[in-house]
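> Sequence:
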Amino acid sequence: MSFERTRSGSTRADQTTVRHANLGVVLQHVARGGPRSRARIAAETGLTRGTVSSLVAELIDLDLLRETGKDERPGRVGRPAQTLELHDRVVAVGLEVNVDYLAVCVEDLTGTVRYERRIYVDNRRSSPAPVLNRLARMARQALDAAEGAGLLPAGIAVALPGLVDVRTGTLLRAPNLGWSEIAVADELRVRVGPRAVRVENEANLAALAEHWQGAARGLRSFICIFGEVGVGAGLFIDGELFRGSHGYSGEFGHMTVDRDGALCACGSRGCLETFAGQEAIAGRAGIPVGGGGRMRSVTEELVRRASAGDPQVVSSLDEAGQYLGIGLSAAVNLFDVDAVVLGGCFGPLSPWLEGAVRAGLDDRVLSAAWSRCELRVSEFGEGAAVRGAAALTLRSVLAAPWTMAERREAPRRAVI
1 MSFERTRSGS TRADQTTVRH ANLGVVLQHV ARGGPRSRAR IAAETGLTRG
51 TVSSLVAELI DLDLLRETGK DERPGRVGRP AQTLELHDRV VAVGLEVNVD
101 YLAVCVEDLT GTVRYERRIY VDNRRSSPAP VLNRLARMAR QALDAAEGAG
151 LLPAGIAVAL PGLVDVRTGT LLRAPNLGWS EIAVADELRV RVGPRAVRVE
201 NEANLAALAE HWQGAARGLR SFICIFGEVG VGAGLFIDGE LFRGSHGYSG
251 EFGHMTVDRD GALCACGSRG CLETFAGQEA IAGRAGIPVG GGGRMRSVTE
301 ELVRRASAGD PQVVSSLDEA GQYLGIGLSA AVNLFDVDAV VLGGCFGPLS
351 PWLEGAVRAG LDDRVLSAAW SRCELRVSEF GEGAAVRGAA ALTLRSVLAA
401 PWTMAERREA PRRAVI
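Mapping of the sequence shown onto UniProt numbering: position 116 corresponds to residue 116, and the numbering continues sequentially without gaps.
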């Protein structure tokens, strides 16, 4: 939707609001459709050429668009129709706290990763303060690298396991970390400085990454299950991330699949992640699980042994796939999505999970005979959540590009 003046010169809304909305229209149009000329943008959005020229000039000044130097109509007589594309100078910092690692990435508006780092460390039962101190150091190093390269950081977002209150920036409960009611956004602002800091559930951000640049690009409705020690799910409905009434949706791993099953870290019994989480799969396969970032090597060992045909490992993965199929079929029956994306550790393990998951969907989804749910594999694997954290900020920039002027004037970060 775009907004224009009426014949009387009045506007349907405040002039500033209308201009802000139209800046978003133009920027998102180029982001979705690729390089195009001012005239083409005007024709496709319904805005006048004069309005588009003015909006484009502002977006260029904000380093959000740039001219490519290429003519949209090479060889034609007349003034060249120079095309515009997204500028790669504006970036976002994504951070992630997980049970056995911390991660950071810097991504630009074109979806290119400009900086990334991951350190493997056992965060279970760790006090939040030292973990957040280390995460803040990683964030400052990323910001220094970005600014040193002449990039413009638009903000920071953090992927967290467990229940997250996105309004207050608080991690309410993360059973696998042993954390409760930690004001992560506030704690990071103290350590990194007065920048925009947002927090979100890791599975939601993994789904966002897949929708932004990955396996779910172009899909309107899908579920992305993100497997690590825990199992989460991000749900997109009609092109939008579904968070539920309070923002706590997606705790897929705590779906009960056996009321008399093993005790889960959450305190309940028979949760899906006690059957299909990394530790459960490794335990049945006879692979020891330790701390200090061991889960990555555990997944690699599962892949190695499964590739060699180890029957114990193959059986454990098949059992995990069966339980995932049970849980996913319930979700598909409820939400009628187009696809399921296997993410996190389920990506590299997908060759041994897909058969059982597919069978579960085909056998248990009522509409399977008429509308078969597609099964896809993540393009980002364990990197999806931190990529999604960066994408969260970048999507905000696309929707509200005028805020870049405010962000550029914000005080620089604190040095602690």
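Bear in mind the hints are in silico, worked out from the structure with no lab data behind them.
Mixed in with the good hints, there may be bad ones.
Label-pair ranges, simulated between beta-carbon atoms [claimed, not checked]:
#1 Arg89 with Pro130: 49 to 57 Å
#2 Ala81 with Gly309: 26 to 34 Å
#3 Tyr120 with Arg66: 36 to 44 Å
#4 Gln312 with Ala149: 24 to 32 Å
#5 Asp260 with Ala149: 50 to 58 Å
#6 Thr16 with Gly178: 28 to 36 Å
#7 Gly355 with Ala81: 24 to 32 Å
#8 Glu406 with Thr110: 18 to 26 Å
#9 Arg220 with Ala39: 41 to 49 Å
#10 Ala149 with Arg32: 49 to 57 Å
#11 Gly33 with Arg167: 28 to 36 Å
#12 Glu406 with Phe242: 27 to 35 Å
#13 Ala400 with Thr110: 30 to 38 Å
Beta carbons: idealized from backbone N, C-alpha and C, even for Gly.
> Against each hint, give a clear statement of whether it holds in the structure.
Do the hints match the structure? See the list:
Between Arg89 and Pro130 the Cβ separation comes to about 34 Å, which falls outside the hinted range of 49 to 57 Å. Between Ala81 and Gly309, the C-beta spacing of about 59 Å breaks the proposed range 26 to 34 Å. For Tyr120 and Arg66, the Cβ-Cβ distance of about 38 Å falls inside the hinted range of 36 to 44 Å, so the restraint holds. Gln312 and Ala149 have their C-beta atoms about 48 Å apart, which leaves the hinted 24 to 32 Å range violated.
Evaluation of the 50 to 58 Å hint for Asp260 and Ala149 yields a pass: the beta carbon distance comes to about 56 Å. The given range of 28 to 36 Å is broken by Thr16 and Gly178, whose C-beta atoms sit roughly 47 Å from each other. Hint check: Gly355 to Ala81, Cβ distance near 52 Å, so the stated range 24 to 32 Å is violated. The hint said 18 to 26 Å for the Cβ distance between Glu406 and Thr110, and at roughly 23 Å that hint holds.
Take Arg220 and Ala39: their Cβ atoms lie about 30 Å apart, and the range 41 to 49 Å is violated. A hinted range of 49 to 57 Å is violated for the C-beta pair Ala149 and Arg32, which are about 27 Å apart. For the hinted restraint 28 to 36 Å between Gly33 and Arg167, the CB-CB distance of approximately 33 Å keeps it satisfied. Checked against the given bound of 27 to 35 Å, the beta carbons of Glu406 and Phe242, roughly 29 Å apart, stay inside it.
For the pair Ala400 and Thr110, the supplied restraint of 30 to 38 Å is violated, since their beta-carbon distance comes to about 19 Å.
In terms of the numbered hints stated before, the structure departs from hints 1, 2, 4, 6, 7, 9, 10 and 13, listed from lowest to highest.
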